[in-house]
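There are 2 protein chains.
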Amino acid sequence: MFADPQTAEDAYYDAFDEHDLAKMMSVWSDSDEIVCLLPMLPAIKGRAAIERAFDPVLNPESAFDIQIKHLHWINNNDIAIHLVEEKISMADGPDQFVYATNIYQKNANNSWHMTMHQNSPVPPPPPPEQS
Amino acid sequence: MFADPQTAEDAYYDAFDEHDLAKMMSVWSDSDEIVCLLPMLPAIKGRAAIERAFDPVLNPESAFDIQIKHLHWINNNDIAIHLVEEKISMADGPDQFVYATNIYQKNANNSWHMTMHQNSPVPPPPPPEQS
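In the order they appear, the protein sequences are chains A and B. Counting from 1, one number per residue, gives the positions in the first sequence under the working numbering. Counting from 1001, one number per residue, gives the positions in the second sequence under the working numbering.
According to the in silico footprint, chain A covers these stretches of chain B (three or more CB under 8 Å from chain A): (1) 1091 to 1105; (2) 1112 to 1120.
Simulated crosslink set (DSBU-like; lysine-lysine; CA at most 30 Å straight-line): (3) B/K1069 with B/K1023; (4) B/K1087 with A/K45; (5) A/K23 with A/K87; (6) B/K1023 with B/K1045; (7) A/K45 with B/K1069; (8) A/K69 with A/K23; (9) A/K69 with A/K45; (10) A/K69 with B/K1045; (11) A/K87 with B/K1045; (12) A/K45 with A/K87; (13) B/K1045 with B/K1069; (14) B/K1087 with B/K1023.
The following label-pair restraints were derived from C-beta to C-beta distances: (15) A/M40 with B/G1046: 25 to 31 Å; (16) A/M40 with B/D1010: 27 to 33 Å; (17) A/D65 with B/D1017: 40 to 46 Å.
No lab work stands behind these hints, which were simulated from the structure alone. Glycine included, each C-beta is placed from N, C-alpha and C at the ideal position.
Given these sequences and hints, build the entire structure.
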């Protein structure tokens, strides 16, 4: 039960920290009309396919940290759209930045759940100035 | 005046075919709270910045064709979300495929306008089978 879209979003990102696939799947709507677009993967549709895609990502041995910054919100009574920047830090290598659009819908029980997630890469930093 | 989200979306893609920046900007909401995420560019916010970004894309000399395939729709009375696959064909080089999420809102005059657009790359085709 998520009383508002932000509570659902907090649980979504907590699921990464906690490697908790059940928590992740509790955030997604209980519907096969849900879609997830992860970087460089084909569109993933439906609960079973999304669960399979997140299983390796939430593996206890995958060590990364995601911090998010809100960029833009759109919402009305039963749809909410959050555009965020995700900063993904790994033990090795530089931080990665991606844009994510998280779309939530309120269900018949007044609980908010994710119905669509789309990531897209942020551009690399500009090259050093030419002289 | 766009009576429904699909009419606005048709005008958005027609603007590319017709190299028509005014038509493109008529599709976007008359608000500075609009956001456009084009491939490998920083998030673009507000009408003036979006117009500057589309100006070179709609240049009469830019020769490409976009065909779209609808993948998923979410909507209620005043927000509509269309996930489409864009197939971009250029004179030179292979076709490019990108996912696009087009988000529309109905304004006080019952006209539907784009409030957010996000592109993300579709994965490249799989490598030849290893044997």
